[in-house]
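Participant: Sequence:
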Amino acid sequence: MGMMDSGVNGLMKRLLPLLMVWCNWVMDAGAQTASKGTIETLQDSLVKLGYTMYNEPGEPERLEANFTFVKTLVTALKTPHSYSFPFDSLNMVSILHAPDNRFRVFSWHVQLNDGSYLYYGAIQLNTPDGSLKLFPLLDKTYEIPQPETAVAGPSTWYGAQYYHIISIDGAYVLLGWKGHTPGITQKVIEVLQLKENDVVLGKTIFDGEDTGHHARMIYRFSKQASMYMVYDRAANRIVMDHLSPTDNRHQGQYEQYGPDLTYDAWQIHGGRLRLVPDIPLTNPPDPNDEQYNDPRKGHQHPKSGFSAN
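Position 272, counted from 1, in the sequence shown is what the UniProt record's numbering calls 272; the numbers after and before it change by one each time, with no gaps.
Among the hints, a few may not be true.
[What the hints assert, rightly or not] Computed beta-carbon distance windows for the label pairs:
1) K78 with G212: 34 to 44 angstroms
2) D247 with P128: 52 to 62 angstroms
3) L112 with T246: 24 to 34 angstroms
4) L138 with T68: 10 to 20 angstroms
[As the list claims (entries may be wrong)] In silico BS3-like pairs for lysine-lysine, Cα to Cα no more than 30 angstroms straight-line:
5) K195 with K78
6) K48 with K140
7) K36 with K140
8) K71 with K48
9) K78 with K48
10) K195 with K133
11) K223 with K48
12) K36 with K133
13) K48 with K133
14) K71 with K36
15) K195 with K71
16) K71 with K133
17) K223 with K133
Please keep in mind that the hints were generated in silico from the structure rather than gathered at the bench. All values reported here derive from a predicted model rather than from experimental measurement. Where a beta carbon is used, it is the ideal one built from N, C-alpha and C, also for glycine.
My request is simple: use the sequences and hints to build the entire structure.
Facilitator: This is the structure in structure tokens:
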């Protein structure tokens, strides 16, 4: 009998750690199920607020909806393990995951009645314990005197709506659309770095004509035009329209700029981007390509966010 008791006790000692792990897993799974229900309810509220942000004729109502949207989104992100929740019903928000899944970037915009735009965003880190580590992106577009050369943190953001992210030698390149003024739209190539417990925006990695001091690239063109800018994964480069004025007399008047049917590329190599002008493009973009569409045309974009223009 003593030997049997000893055997049972030994077996229990071996099983106890496994049982504890199992119980903890069950409890954690139950908590995550409850959290998922909470976050789904909050997502429903965000969808309604997002619709108002983009469709309400009154500017004060749009801004008020956005204010509530931001607070509700932060509440949702405070839910444990929220990083794993896709928010795939938020068609009005771009959500991009870093290729190494270290973080994801939220970005969206609100158009004002004067034709200008406000941008909002946040960077959520993928934390091991599921807790929230969030860097709000504060749009300071009109307070940055030289946006091409500025290297700053998330509190001094040159706002844009991002549609693609590329990993490049410890940094990340973001392609973004930026409705700017009543007459001018922009495309932005932003560089993001994670440094210890901070985020740095902008890095001088552009090797092109007169771009040695550029921390990001900003392309300005007529609001009536569309600029093609996509990442060519096979060639590891960013392909884009070359922009020119409609007439040489309009040099520097960006309301008069648009694609001139030639293409350039930023070739990625060794952690830097090297400009390759006038590249051959055997399959030029179709005007109906999703990379041409304005983000306001939400029905033409994937659920996870916008594509481009």
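Participant: Hint by hint, note whether the structure agrees.
Facilitator: Comparing the hints with the structure gives:
1. K78 with G212: 34 to 44 angstroms: Because 43 angstroms falls inside the window, the suggested range holds.
2. D247 with P128: 52 to 62 angstroms: holds (57 angstroms)
3. L112 with T246: 24 to 34 angstroms: holds (27 angstroms)
4. L138 with T68: 10 to 20 angstroms: holds (18 angstroms)
5. K195 with K78: holds (23 angstroms)
6. K48 with K140: holds (27 angstroms)
7. K36 with K140: Violated, at about 34 angstroms.
8. K71 with K48: Distance ~14 angstroms between K71 and K48 Cα, so the pair holds.
9. K78 with K48: holds (20 angstroms)
10. K195 with K133: Given pair K195, K133 holds - Cα atoms ~14 angstroms apart, limit 30 angstroms.
11. K223 with K48: Roughly 28 angstroms separates the two Cα atoms, so the pair holds.
12. K36 with K133: holds (18 angstroms)
13. K48 with K133: holds (26 angstroms)
14. K71 with K36: holds (18 angstroms)
15. K195 with K71: holds (27 angstroms)
16. K71 with K133: holds (16 angstroms)
17. K223 with K133: Measuring from Cα to Cα gives roughly 36 angstroms; hence the hint is violated.
Checked against the numbered hints given earlier, the structure breaks hints 7 and 17 and satisfies all the rest.
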